[in-house]
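**Q** Next come the chains, spelled out residue by residue.
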Amino acid sequence: MKSLGLAVPLGIGAIAVLAGLMTGAYLIFGNTMDARLLRAEPDGLPERADLMPYAVAHGRSIFQSECASCHGREAKGNNAVGAPNLTDKDWLYGFGRVSDILQTVRYGIRAQDPRGRNLADMPAFSHPEPYDREKLLPLSPNDVGDVTQFLLAQEKRPADAAAADRGQRIFDGRGGCWDCHGQDGGGDSEVGAPNLIDNIWLFGDGGRADIADSIENGRSGVCPAWVDRLPAASILEVALYVHALSHPQEATR
Amino acid sequence: MKPGNAWRNISKFNYSRGLLLMGFGAVVGLFLAAIGLFTAKGTSTLIVPPEDVALVNQQPIVRSDYLAQLRTLYDVDYEHATPQQRRKVLDDMIREELFVQRGTELDVASADPATRMAMVSAVEQQAATDAMTDLPNDEKLRRYYEAKKARYSSDGYMTARDIVFAAGAAQDALAAARAMTPEQAMAKFGAKESGKLSAQEFYFAADVHIGRRLALVAEALPNGAVSAPVTMPDGTHLIYMIKNVRPVPLDFDKAKAQILADYRRDSSQRMLAHEQIFLRERANILIAKDMQ
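Sequence lines, in order, name chains A and V. Numbers in our numbering are just positions in the first sequence, counted from 1, shifted up by 413. Numbers in our numbering are just positions in the second sequence, counted from 1, shifted up by 126.
Next comes chain A alone, as it looks inside the complex (with noise of 0.2 Å):
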């Protein structure tokens, strides 16, 4: 029975050795730096010079394969498609905290996921109606000329006065566009109005020709929601990947 002695000992053994993996699986799943990442609060992350180079680095790596398509593989943003610039502090949406960049990417900027931003989109006013979500009415060449050197004289740009003047009453009534972009036209991040003053642009150059095109034919730029596509942590990631670039002092701290 000298097998039988050895076999005790072994049993105990694999029963010890069994015992350690399952406390080592759930130490070792329970804490890799995804799991660090996913139970902090997002937006104190950036202070963790603990995790913020590993999910930097993560971050950047998802981003140049799903968002570079989109945003540019520097995030500097394509005003032909209405990506934005990503590595400049002018937030469509929120204010550029990680949980606003970490809602767009989770949920999209109308994506077809009611949880996403899509409270809004420009309407397109030489169109006979100009938007699907309230009545509003169609503006006239002359009007959509005028909002445009209103806007332009926003900007401290050469406009014509007295155009600009009744562009400012068509923006502040009938137009309705106060009501998103606000009467200055310092936009609302709320519900995804650009600042119209800033010298941003969002789709073309901010020429006349873009602005008014803007006006006549409409805006409503898509991102695609992640939460289905990615895991919880790599969204994670992106979000502060991409609030890293437009905070690089924070992300090298």
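Simulated from the structure, these hints should not be mistaken for laboratory data. Just so you know, these numbers come straight off a predicted model, no measurement behind them. Here a beta-carbon is modelled for each residue, glycine too, at the ideal position from N, C-alpha and C. One or more hints might be untrue.
[Unchecked claim] If the Cβ cut is set under 10 Å, some of the chain V residues that face chain A in the computed set are: (1) ALA152; (2) ASP191; (3) TYR204; (4) SER247; (5) THR259; (6) ASP260; (7) GLU327; (8) ALA331; (9) LYS380; (10) LYS382.
[Claimed, not checked] The calculated DSBU-like cross-link candidates involving lysine-lysine, where the alpha carbons are at most 30 Å apart (straight line), are: (11) V/LYS322 x V/LYS369; (12) V/LYS380 x V/LYS369; (13) A/LYS502 x V/LYS380; (14) A/LYS502 x A/LYS548; (15) A/LYS502 x A/LYS489; (16) A/LYS569 x A/LYS489; (17) V/LYS380 x V/LYS275; (18) V/LYS318 x V/LYS369; (19) V/LYS314 x V/LYS369; (20) V/LYS369 x V/LYS275; (21) A/LYS548 x V/LYS380; (22) A/LYS569 x V/LYS380; (23) V/LYS369 x V/LYS274; (24) V/LYS266 x V/LYS369; (25) V/LYS322 x A/LYS548; (26) V/LYS274 x V/LYS380; (27) A/LYS489 x V/LYS380; (28) A/LYS489 x V/LYS266.
Chain A is fixed; fit chain V onto it per the hints.
**A** Coordinates of chain V only, in the frame set by chain A:
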């Protein structure tokens, strides 16, 4: 044979070796099971994954949703929220999840029109998600543009005047009016401005304001031309065209944003149609004889 050799000789039965290998196999199997337990999506687990704040009958309440809710309700982040605020938000979210699950059990959608509409809308949205967020390459977009080039042009607009003469106005008077300015024609023949055209009109707006027939006449006029008389129920019209800016085809780069939006919309409609076909094909639909 030495004991060590008996272990290594696999042609011979060795009780200790068998037990050890069995134990090793069990450990590996359990280890893999543990990985599944802690990581696999949808796995029933007793541990709340790090991306969630709670599991309600294995349905996750996502941490980022919880934090967003906390911010929406109290305008605070987690660190600055009071324990009561944290608890309240979590309780509310758990309650909502429980009620949604109960709603599924009760098959609320079969009776409640609002729920049915919301479900239809949600499924439609989901079916179109890929199409609406797809970024096709330039080659695909160019092909689409070439196939639907007529869509992509600037908006035509006009500055014109619509002058109405009394029904039955003499042909020679109308011919004379065509050579005059609108003011002269109105003064001489007692004609009136219809007042339906404003200073500048997009083509579609002219269409709405003066009607399709007159708008088509107007669109065809060059700058400075006067139309032939058009008899309408309210009298005979002459359109004096001051400036007619016809639609100009847009090149690919100029129209790219619009092309992309149209491409996505068309794709999503196709996907929705496919979804409907798929659902009908797999469904067992019986239609009453008198409805067939």
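**Q** A/LYS489 and V/LYS266: Cα distance at most 30 Å?
**A** Holds: A/LYS489 and V/LYS266 sit about 24 Å apart, inside 30 Å.
**Q** Tell me if the straight-line CA distance from A/LYS502 to V/LYS380 falls inside 30 Å.
**A** holds, 27 Å
**Q** Quickly compare the C-alpha distance for V/LYS380 and V/LYS369 to 30 Å and report which way the hint goes.
**A** holds, 24 Å
**Q** Just to be careful, I want the Cα atoms of V/LYS274 and V/LYS380 compared with a cutoff of 30 Å; is the pair within it?
**A** holds, 15 Å
**Q** So, V/ASP191 near chain A? Judge it on the closest CB pair being under 10 Å.
**A** Nearest chain A Cβ about 8 Å off; hint holds.
**Q** Would the stated hint for V/ASP260 survive a check requiring a Cβ distance to chain A of less than 10 Å?
**A** Status holds, d = 8 Å.
**Q** Checking one constraint from the list: CA of V/LYS266 to CA of V/LYS369, max 30 Å. Satisfied?
**A** violated, 38 Å
**Q** For a C-alpha distance cap of 30 Å, please report whether V/LYS318 and V/LYS369 respect it.
**A** holds, 20 Å
**Q** Check whether the Cα positions of V/LYS322 and V/LYS369 lie no farther apart than 30 Å.
**A** Since the Cα atoms of V/LYS322 and V/LYS369 sit roughly 17 Å apart, the hinted pair holds (cutoff 30 Å).
**Q** Is A/LYS569 within 30 Å of A/LYS489, Cα to Cα?
**A** Within the cut-off at roughly 25 Å; holds.
**Q** Closer than 10 Å between Cβ atoms is the bar; does V/LYS382 clear it against chain A? Give me holds or violated.
**A** At about 5 Å, which falls below the 10 Å cut-off, the nearest Cβ of chain A leaves the hint on V/LYS382 intact, so it holds.
**Q** Hey, does the V/SER247 contact hint survive, CB to chain A under 10 Å?
**A** holds, 8 Å
Hints 14 and 24 from the list above are not met by this structure, while the remaining hints are.
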